[in-house]
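Visitor: Residue-level listing of the chains:
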Amino acid sequence: MKRVLLAGIALGAMTMGAHAQTFVLGMKGPGAGNPFWAAVEAGAKAAGEEHGVEVIVVAPPQESDVQAQINQIEDLIAQGVDGIALAPTDPNALAPVVDSAIAQGIPVVFVDTRGTNEGVSFIGTNNQVGAALAAQYMCDNLPEGADVAILQGLISQSTGQQRAQGAHDGLGECGLNIVAEQPANWDRAMGLSVTETILAGNPNIAGIFASNDNMALGAVEALKQAAMLDDVMVVGFDANPDAANSIVAGDMTASIAQAPDNMGRFGIESLIALTNGETIEEWVDTGTVLVDASNAAEYQ
Amino acid sequence: MLYSPKLSKFLESYGIILVVIVMMVVIALSRPEVFLTPQNLTNILKQNATLALVALGMFVVIVTAGIDLSVGSTMALSMVTLALASRMGLPWPVVLLVGPLVGIAVGLVNGIGLTWLKLPHPFIMTLGTLNAVRGIAYLVTNGAPISGLQPEVRYLGQAYYDLGIFAPPAGIPASLIVVAVCAIGLWFFLEKTSTGRHIYAIGGNPQAARVSGVNVDGILVLVYVIAGFMAGLGGLLLAGRTDSGFPNAGLMLELDAIAAVIIGGASFFGGRGTVLGVLAGVLIMGLLRNGLNINNVSSFWQMVLIGIVIIFAVWIDVIRRRAAVRR
Chain G
1 MKRVLLAGIA LGAMTMGAHA QTFVLGMKGP GAGNPFWAAV EAGAKAAGEE HGVEVIVVAP
61 PQESDVQAQI NQIEDLIAQG VDGIALAPTD PNALAPVVDS AIAQGIPVVF VDTRGTNEGV
121 SFIGTNNQVG AALAAQYMCD NLPEGADVAI LQGLISQSTG QQRAQGAHDG LGECGLNIVA
181 EQPANWDRAM GLSVTETILA GNPNIAGIFA SNDNMALGAV EALKQAAMLD DVMVVGFDAN
241 PDAANSIVAG DMTASIAQAP DNMGRFGIES LIALTNGETI EEWVDTGTVL VDASNAAEYQ
Chain A
1 MLYSPKLSKF LESYGIILVV IVMMVVIALS RPEVFLTPQN LTNILKQNAT LALVALGMFV
61 VIVTAGIDLS VGSTMALSMV TLALASRMGL PWPVVLLVGP LVGIAVGLVN GIGLTWLKLP
121 HPFIMTLGTL NAVRGIAYLV TNGAPISGLQ PEVRYLGQAY YDLGIFAPPA GIPASLIVVA
181 VCAIGLWFFL EKTSTGRHIY AIGGNPQAAR VSGVNVDGIL VLVYVIAGFM AGLGGLLLAG
241 RTDSGFPNAG LMLELDAIAA VIIGGASFFG GRGTVLGVLA GVLIMGLLRN GLNINNVSSF
301 WQMVLIGIVI IFAVWIDVIR RRAAVRR
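Read top to bottom, the protein sequences are chains G and A.
Each residue of the first sequence is one higher than the one before, starting from 1 at the first, in the numbering used here.
Each residue of the second sequence is one higher than the one before, starting from 1 at the first, in the numbering used here.
What the hints contain is simulated information worked out from the structure, not anything from laboratory work.
Careful, some of the hints might be misleading.
Unchecked claim - Ranges of calculated distance between the beta carbons of each label pair, as one might list FRET restraints:
{"hint": "1", "chain 1": "A", "residue 1": "Y14", "chain 2": "G", "residue 2": "G250", "range": "48 to 58 Å"}
{"hint": "2", "chain 1": "A", "residue 1": "P168", "chain 2": "G", "residue 2": "Q157", "range": "32 to 42 Å"}
{"hint": "3", "chain 1": "G", "residue 1": "G172", "chain 2": "A", "residue 2": "V25", "range": "28 to 38 Å"}
{"hint": "4", "chain 1": "A", "residue 1": "F189", "chain 2": "G", "residue 2": "L154", "range": "34 to 44 Å"}
{"hint": "5", "chain 1": "G", "residue 1": "T116", "chain 2": "A", "residue 2": "F10", "range": "58 to 68 Å"}
Predicted model only: the values in this text are computed from it and were never measured.
Beta carbons: idealized from backbone N, C-alpha and C, even for Gly.
Go ahead and model the full structure; you've got the sequences and the hints to work with.
Guide: Put into structure tokens, the structure is as follows:
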């Protein structure tokens, strides 16, 4: 009896949901504990309220759990949702799931991380443009010909490659002298060690671009130890709260903020457009913002 | 070639030091203007202090023919808990103790789990804690780093003494003194105390040790506690150095530590190895990375070369021993 009642309630909930359109936001990790995903979720929810559609947010319980995400998306496809905005934990592993959604007429867009499926739009940061923005800031604030270094992320990842490339092109084009480009694998301790090694060989360095804030904060520690922080500008990427604190304290010089709320918002709005038969661009840039002493307080 | 027992004995004990010296000469020739600067030499010492501590702990475990895969996770948990304690405003002497105590606690769990549950191999117990402890480190921090420690807590990881002769940032790092004290203490413990000799005995032949009245289980627990303590102390140094407790710290560190111990001449089958060899093993890995970095060699090549060095170093050891047996 109880089971029948429960089934009835579940069925009722599903048919009720069918009145409004239902869109899914599939994130890489839970919003609780990661401000980035919390902002993506908030953006998507806000867009859902404004447009009067229901937004279901799912994420693997553990960041980047590929199998859990595949299961979640498969279950939602089976329930017959109206569209999926997906941040794939592993683009290749999720590709078959995305294909099967499209085969059943469910529109899909990728947010945050580009997938491998042909013809599926991507809504996220152009990391190369963001790194170029950081490079431009360094060019504007350093004398021409000054020695600069780049701390790269994992260069086997597309994000690492794009940020390294954007910085390399930007710093080179405006006439700064790139003396070292070394990977520090997104890691604070490695950022510190690599910077120490760079400083040993290049005492005249005037600026360091780090492909994320963790490495930039490691570089700041190395420069503090060498008593060179006053002479060297450190620019990071991500504008996480630690980095914002450091910028406010006058240690780090600047960082680049992504717009995660835009990813959630544009993701849902793109799905609405697609279900209305409109077409959207192949890549919707959610934009990047330069964060320095003037606006760092907003990111603390 | 003339066979000299004296030379053979010398090479047996100090051959690994010769390898270190040869590496230093080669790197110095490749970048003479950078490698031998006080700043670069200081860098090598402070960048490898944490690995040295963790490797010393791993060494004691490997002498018993065991293995501790959990040391990287243990170090991360120590770092995040001491950073939390620091943020909560606990007095700095308490915060200093938190890291090593967390390490000891994980070591106790490893040792007791291994001996009490009678698991067939320490690989299994410590593979379990590798995962569980890393998970706890993520849980207590929600995956985010905790930055900003008291200056007193940072001291051991960050301070250095210029002794009035070096220009900053060169000098004798405080972390080097921590490593030296631990290494000498461990050497004394292993060589000069009966418990220390029992550790070697267990590695050589646990059955024989048990029959001759050695408390094998008790000593195994002690050994994993030492490894945990060293990982916790390493965490204190790294947290001090980076001014942060981050839950991603020390990923794959256990493999670097094992590599350093093995390069340093310890046997995977237990009963053999020296503290001096472990320190040389750490230096060989550190010198290799530094030499490749200051020559701007790609990190992909560094991985390939470190892999080759591990295999090559142990192969040399095998050949040397076979030659010694034949004589």
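Visitor: For every hint, state whether the structure bears it out.
Guide: Quick rundown of the hints versus the structure:
no.	hint	verdict
1	A:Y14 x G:G250: 48 to 58 Å	holds, 50 Å
2	A:P168 x G:Q157: 32 to 42 Å	holds, 36 Å
3	G:G172 x A:V25: 28 to 38 Å	holds, 36 Å
4	A:F189 x G:L154: 34 to 44 Å	holds, 40 Å
5	G:T116 x A:F10: 58 to 68 Å	holds, 59 Å
The structure is consistent with each of the numbered hints, conforming to all of them.
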